[in-house]
Amino acid sequence: MTGGYALALLISIGGLALIDLRHKLFFWASPIRAALTLTAGLVAFIAWDLWAIHAGIFFRGDSPLLLHWNLAPEFPVEEILFLTLLCYSAMILYTLGARLLTRIRTRRSAAA
Numbered sequence: 001m002t003g004g005y006a007l008a009l010l011i012s013i014g015g016l017a018l019i020d021l022r023h024k025l026f027f028w029a030s031p032i033r034a035a036l037t038l039t040a041g042l043v044a045f046i047a048w049d050l051w052a053i054h055a056g057i058f059f060r061g062d063s064p065l066l067l068h069w070n071l072a073p074e075f076p077v078e079e080i081l082f083l084t085l086l087c088y089s090a091m092i093l094y095t096l097g098a099r100l101l102t103r104i105r106t107r108r109s110a111a112a
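Numbering follows UniProt numbering, in which position 98 of the sequence shown is assigned residue number 98; successive positions increment by one, without gaps.
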């Protein structure tokens, strides 16, 4: 199924957005800060990918699930979606972890 990987990535990003909306973790907590943070992560990972492609470390695999649209040699459009999912997941987990640690510390100090 051509485009299956992109579809799976989009569904996953949508699922993260629903979790984010429900718990106000990242974009729904501070949209401008979240957009800037996500963009910074994407720029860093894209630069890393392009360097690794140039060095011959990374290359595009072949799969019937890919759209076969390349943004650059060996750089498929799905890579942007994957990196978005990676950065978004990391930020949601970081924010959730910080929130949970704050709750634990608050409960411990209230109990003391």
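None of these hints come from the bench; they were simulated from the model.
Fair warning: this is a prediction, and the values are worked out from it, not measured in the lab.
For every residue, glycine included, the Cβ atom is placed at its ideal position computed from N, Cα and C.
Accuracy of the hints is not assured; some may be wrong.
[Stated by the list, open to error] Quick list of the computed label-pair ranges, beta carbon to beta carbon:
| no. | residue 1 | residue 2 | range |
| --- | --- | --- | --- |
| 1 | A98 | L65 | 19 to 27 Å |
| 2 | H54 | V77 | 12 to 20 Å |
| 3 | L21 | T102 | 34 to 42 Å |
| 4 | R105 | G4 | 29 to 37 Å |
| 5 | R33 | P64 | 19 to 27 Å |
| 6 | I19 | A52 | 26 to 34 Å |
| 7 | A55 | L18 | 36 to 44 Å |
| 8 | L10 | L101 | 27 to 35 Å |
Status of each hint after checking the structure:
1. A98 with L65: 19 to 27 Å: violated, 35 Å
2. H54 with V77: 12 to 20 Å: Since the Cβ atoms of H54 and V77 sit about 19 Å apart, the hinted range of 12 to 20 Å holds.
3. L21 with T102: 34 to 42 Å: violated, 21 Å
4. R105 with G4: 29 to 37 Å: violated, 44 Å
5. R33 with P64: 19 to 27 Å: Violated, since R33 and P64 (Cβ atoms, about 39 Å apart) do not stay within the stated range.
6. I19 with A52: 26 to 34 Å: holds, 30 Å
7. A55 with L18: 36 to 44 Å: holds, 38 Å
8. L10 with L101: 27 to 35 Å: holds, 31 Å
Hint check: violations occur at hints 1, 3, 4, 5; the rest are consistent with the structure.
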